[in-house]
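A.B. asks: Listed below, chain by chain, are the residues.
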Amino acid sequence: MEVILLKITAILYLVAAVSYVFYVAFRNANSRIPAVALGAGFTVHSAALAAHFLREGYPAVTQLSDALSFKSWLMIAAYLVIQLKYSVNVLGCIVTPLAFLMSLAGFAFGSQGAEVPPALKTFWLPLHVTLASLGNAVFALAFAVSLMYLAQERRLKHKKVTALMKRLPSLESLDRLNSVLLFWGFPFMTLGIITGSIWAGIHWGDYWSWDPRQITSGLAWLFYGALLHGRVTAGLRGRKAALLTVFGFVVVLGYFLWGDALFPSRHGGRFD
Amino acid sequence: MDKQVIIVGLNHRSAPIAVRESVAFDGTEMRRGLRELRAAAAAVEESVILSTCNRVEVVAAAADAESAGRELREFLAEHRDREADEPLEQHLYEYRGPDAARHLFRVASSLDSMVVGEPQILGQLKEAYRVARESGTVGTVLHRLFHRCFFVAKRVRTETAIASRAVSISSVAVDLAKRIFDRFDDKTVMLIGAGKMGRLMALHLQRHGVKSLMVTNRTFEGAVDLASHIHGSPIRFEDFPQYLKLADLVIGCAGAPAVLVDAPMVEKVLRERKQQAMFFIDIGDRRNFDPRINGIDNVYLYNIDDLKAVAEENLQERSAEAEKAEQIVQEEVESFDRWLRSLERAPTIAALHHKFEQIRCRELEKSLSGALRELSDRERQALDRMTSAMIKKMLHGPISRLKAGRQDDEDLLYVAALRRLFDLDPKE
Chain A
1 MEVILLKITA ILYLVAAVSY VFYVAFRNAN SRIPAVALGA GFTVHSAALA
51 AHFLREGYPA VTQLSDALSF KSWLMIAAYL VIQLKYSVNV LGCIVTPLAF
101 LMSLAGFAFG SQGAEVPPAL KTFWLPLHVT LASLGNAVFA LAFAVSLMYL
151 AQERRLKHKK VTALMKRLPS LESLDRLNSV LLFWGFPFMT LGIITGSIWA
201 GIHWGDYWSW DPRQITSGLA WLFYGALLHG RVTAGLRGRK AALLTVFGFV
251 VVLGYFLWGD ALFPSRHGGR FD
Chain B
1001 MDKQVIIVGL NHRSAPIAVR ESVAFDGTEM RRGLRELRAA AAAVEESVIL
1051 STCNRVEVVA AAADAESAGR ELREFLAEHR DREADEPLEQ HLYEYRGPDA
1101 ARHLFRVASS LDSMVVGEPQ ILGQLKEAYR VARESGTVGT VLHRLFHRCF
1151 FVAKRVRTET AIASRAVSIS SVAVDLAKRI FDRFDDKTVM LIGAGKMGRL
1201 MALHLQRHGV KSLMVTNRTF EGAVDLASHI HGSPIRFEDF PQYLKLADLV
1251 IGCAGAPAVL VDAPMVEKVL RERKQQAMFF IDIGDRRNFD PRINGIDNVY
1301 LYNIDDLKAV AEENLQERSA EAEKAEQIVQ EEVESFDRWL RSLERAPTIA
1351 ALHHKFEQIR CRELEKSLSG ALRELSDRER QALDRMTSAM IKKMLHGPIS
1401 RLKAGRQDDE DLLYVAALRR LFDLDPKE
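Respectively, the protein sequence lines represent chains A and B.
Numbering follows my numbering, with no gaps: position 21 of the first sequence is 21.
Numbering follows my numbering, with no gaps: position 375 of the second sequence is 1375.
A few of these clues could be false.
[Stated by the list, open to error] With a straight-line Cα cutoff of 27 Å, these simulated DSS-like cross-link-like pairs (lysine-lysine) come out:
1. A/157 <-> B/1268
2. A/159 <-> B/1154
3. B/1178 <-> A/166
4. B/1393 <-> A/157
Calculated from the structure, these hints are not laboratory results.
Whole structure, please, built from the sequences with the hints as guidance.
C.D. replies: The structure is reproduced here in structure tokens:
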């Protein structure tokens, strides 16, 4: 049942992604098709996650494929909020392909990861996972916004005026959006790390055990913290801020996908 | 010789802005210019002066095109600012006959504009025509020519998509500024120099919401004067680097050969304003901003050539439409030319002769083969001579009047009337 719903979701995300790209590439393309496809995909996706939650009693997050799916759901949710508030259609052009690839990767990776020991299945599980993933999802949007900024900036610098430029928001609004997203993503990330640490403290005995996962989360937190600090105090903005946002997200995403294989962590599978 | 259209002038392609500005006619100068032209130029019979920031042209009608062309050149050179020393001759172009009509039609439909499709030129043409008509320098030929050119412009606008994405240099710059800035009402513009283009761009930005405008000029009086015209605050020239950090958009139009803002200066300013983006527009014919400014993060520099290139790109998209427009212009040139040629005297006289001769022969033939069948050869010859002489006598008045006329407007009217009354125009 869930698998079928997730497959439908992936297809709808694909439709949305393709039509968003069309929308950006062609002046007269329809802007309603992608919005409708994305809305439908998000609804089906929500239904799949709800079905899992009702059956298991905790969100589908313990396996890599589930986690990817959950993250893409949060990302789309965050995008829809941003879209309502700032109306940046073009962002969909990056977010929906990303969501589609994440669902595809979910199927590809299958069910990696171990069962969560019953002892860990407390309310800390959904709390920690949701907060941390929400932080990542918001950073994913900041990443997309930064890519748009870099594309727009490059064209302006090289004086290549294209139709795409008219579709993209102004540099000023993209930069502001990047700032807003960092501002919202950082507290979620912080809370994700704190709840994770408390949860570890309760079940494993110590709050901070220099586990690779904890170290990298800490580093990412420092990185984003420095970025936010630079923005607020030192006038770090524009191209440099966009490049750093892209860099940060690529590293975090890479670590999420392959980190546990490179640096075995008790977080990623060995819940001993 | 018969009247033809003749245009002498210079535009954005043939002359740099400094030369164009030195020849330009301001509002009041135009009437005086038309009066002077009428007084000084004997060969020029009708005239309209068109003066915009991109072109100065005199459209005239004259029978002696050779002399008229020379007189128009002299007139423009005479009118020119005294301080300008570069010879004007090399920047002037001259069109005659159908080429002149084509040129004016292309100007009116904005095919000859710096930015093809911009709509202002038609209004400027209408104004030039109105002033000339009030000054009494428009006659039959230019009257017809201008009415045709307004009609052509209308046809081009409605039948092609050329105007649909019209962009002037100013609107290209505003468009680019919109890619950088989200809104203009919280932005500050600094205008350096008093060039016309810079002033236009400042006004354009104000129309798009800019509220705060600083103006500086080499002389402080110039800055105060300019500021009062465009509702800005004047700044002393030596102080402008200090105020630069307040400016989000900087327009350079000083016309000075010197680089006024260099890269290290902008880097310093940018640190002071915490890397907030700046847009430099170098719009004068001389570079006022160091090109390396564009290499600095969060700073964008466009000069007049860049803006033209952007406008040009829009233009290329419209090349198919431009072809359609040229087609319309061609049709109208032919139609105008047909009309003008119909006013020529020699063909009219010939046609009149031919028409009467035709009637005479037909009627004579009818009678001689009918009621007057019995007439002898001698009598027939006498009849032939008599009708021939009659026609000649009848036509003598009008034809000698046509031949003697100096082809003023009254004569042209007679020609037109004759052609109409006797149905002399070949059927199309």
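A.B. asks: Name the hints, by number, that the structure is in violation of.
C.D. replies: 2, 4
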